[in-house]
Amino acid sequence: MDSSLPPVSPGGLCLIPLEEGIPRCFFPHENSATYLEHAADLKSTGGRFLGLWASASPFPRIYSSVLLKEGLILMVLSLGKDAAGDFVYPSLSRIFPSASRFERTVRDLFGFIPAGLEDQRPWVDHAHWSIPPLSVPPGTRISSQTSSMGRPDYPFVRVKGPGIHEIPVGPVHAGIIEPGHFRFQVLGEKILRVEERLGYAHKGVDGLFRGRTIMEGAKLAARISGDSTVAHSLAFAQAVEQALDFIPAAGVRFMRAFLLERERLMNHLGDLGAIGNDAGLAFALSQFGRLKEELLRKNHLHFGSRYLFDLVRPGGIAIFLGDPAIRDLLTEIARLLEEVLELQRIYDDHGGLQDRFQNTGILSPEIATRMGIGGVVGRASAQAWDLRSGHRCDPYHRFPPALALAHTGDVAARVRVRFLEIQESLFLSRALLEHFPENVIKEEFPINPDITEGIGIIEGFRGETVSWVRLSPGGIIQAAHHLDPSAILWPALEMAVPGNLVADFPLINKSFNLSYSGNDL
Amino acid sequence: MWKLLKKIIKTGILTEKPSHRDEKEFQRTAFSKSLAVRHVDAGSCNGCELELWALENPYYSASSQGIKFVASPRHADALLVTGPITHAMHEALLKTQEAVPNPRRVIAIGDCACDGGVFAGSYAVLGGLEVVLTPDAKVPGCPPTPQDILNILRKAFART
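Protein sequence lines correspond, in order, to chains A and B.
So for the first sequence, the numbering used here puts the first residue at 142; every next one is plus one.
So for the second sequence, the numbering used here puts the first residue at -17; every next one is plus one.
It is possible that some hints are incorrect.
[To be verified] Sample of chain A residues facing chain B (criterion: CB under 8 angstroms; computed from the structure):
| hint | residue |
| --- | --- |
| 1 | Pro274 |
| 2 | Gly345 |
| 3 | Leu349 |
| 4 | Arg364 |
| 5 | Ser366 |
| 6 | Phe450 |
| 7 | Asp490 |
| 8 | Gly493 |
Honestly, the hints are just simulated from the structure, not real lab data.
Just so you know, even glycine gets a beta-carbon here, dropped at the ideal spot from N, CA and C.
Working from the sequences, and respecting the hints, build out all of it.
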């Protein structure tokens, strides 16, 4: 670590490039006027809203995260009670439309009321509780019952007219899929509108974090979304390390970056196979399924876990790579690169496949910009955001991966971005292995004497993954929250589907490949 | 098309044969060579789903051993349940189970379905399949390996 770099100042807006991660800072707000003003300011300077959550102790607060090109800003608003005795805060939905579902979630879980939010329907509340489960003090009802809390029938927005009908799908789907409900408004074969109803996988993660030790918290963070276990573990580790003012060694950073690329490869390979399969090419599923399985077996051989669960921990990393393992992994990378390029040529030359891919499920660059979409989906719609490039973080600035970008925003674009990212990921993995500094396995960090907070943000395979923790003295988690990029991307899927055929929905959905569990928490 | 065919021929058959004993055991089952399974995710983190997907890859190729994932519970002999049974999935799970014709088997896949896993004790989960249904078999693991899942499927259907 270059000690000449000053740390991020938590009060002001000085985002200085950092070696150990994306610059990120807290920005406290005492009143709603400055909070709204600041949000509008961030929006006008090109900020992208990543998510919003609440915390109850020691007093109610709202946290809103906005990503700028320079780094992450976390606006922290302290809440006051209104005349009726409820905690109220101004809704960001007019500035950042994606804030709506987050604010509905906060209302369902904490009972804090977003003033000015148009959508009054519940979100994670499926009528299984009458009192918000995380309310302050516990057991407090909302006095001004504005939401339709406790209603078993969810009021979907309906399209009316001659010949229009509705198709309900889920929460149990016809395959190996997570639970969620989709409501289609259809005219003949054409989808006019699709609306998601999620929350079936809500497990109360925020509540479970409370009172756990850091290592127990890491175990939970690793299981927020199984396919992004490295991403969430890494974000959590960064958050804890920022809270404890701990900077991991270069060897740890290298290994973490390498594991994150393994996860990206594993998922992109799986997605490419599944997308090809949904377009009717079974060959794709078996070929990519084979490559993915071979990668998983190598993971098991060298790291002891097929999906790399519990390897990235706060303070360090739980594995060691010897020279034979590095040589074996380098051979694997060379072989994988060759095979993927071969399969890419088959995809590109396959007329039937391209016919299904092109002009299907278009998320236009304009809408993507307006919604602040990042990740694979965003990059396929010309949104040039990737935390791995354009920052000074180590080790990425040594071997920056090229930004994979496409402009058409259709399924074909999302396939192309995945192919490009696999190649870049393989180049990056190779560079990391060839320049591996030293093996460090460390799991010691200082014990905090006071309450401290930290945030972590990394580029997972889907997009920006965020973790926030507040630690009580002695390393006990007082509160924590994770943001999976899926939460921002689900509304984008709703925008990409209308105008397509019902039969194309699985293909479009697969090309997004979003996490239900990461969204529902 | 040429490239595609060439690739298929070059790849060859990768499916691993189950051990001799396992195969013999499975041959004697009531559902020998034709086991239809339906999966319900009752709020898992999607780790178990990754391994259920892996059963279909060329290495395990569950379908070549007669184990087939079906789209409707009405076509199923067995129900595979993952996740810590969230309150929101409780009703959907019961309805799916009721739709599976008798004789049926219910199998809990993964630590969460076995006892709630890391999510046990939350206000939002019931914690383990046992709370709502009686599982005929359990496959612990976070996530369990495809081999573990295959072994249990074979065992659960062995004639006693």
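Do the hints match the structure? See the list:
1. Pro274: holds (5 angstroms)
2. Gly345: Status holds, d = 4 angstroms.
3. Leu349: holds (5 angstroms)
4. Arg364: Hint on A/Arg364: holds, closest Cβ of chain B at ~4 angstroms, below 8 angstroms.
5. Ser366: Holds - the Cβ of A/Ser366 comes within 8 angstroms of chain B, reaching about 6 angstroms at its closest.
6. Phe450: holds (7 angstroms)
7. Asp490: It holds, given that the least Cβ distance between A/Asp490 and chain B is near 7 angstroms, below 8 angstroms.
8. Gly493: Cβ of A/Gly493 sits 10 angstroms from chain B, so the hint is violated.
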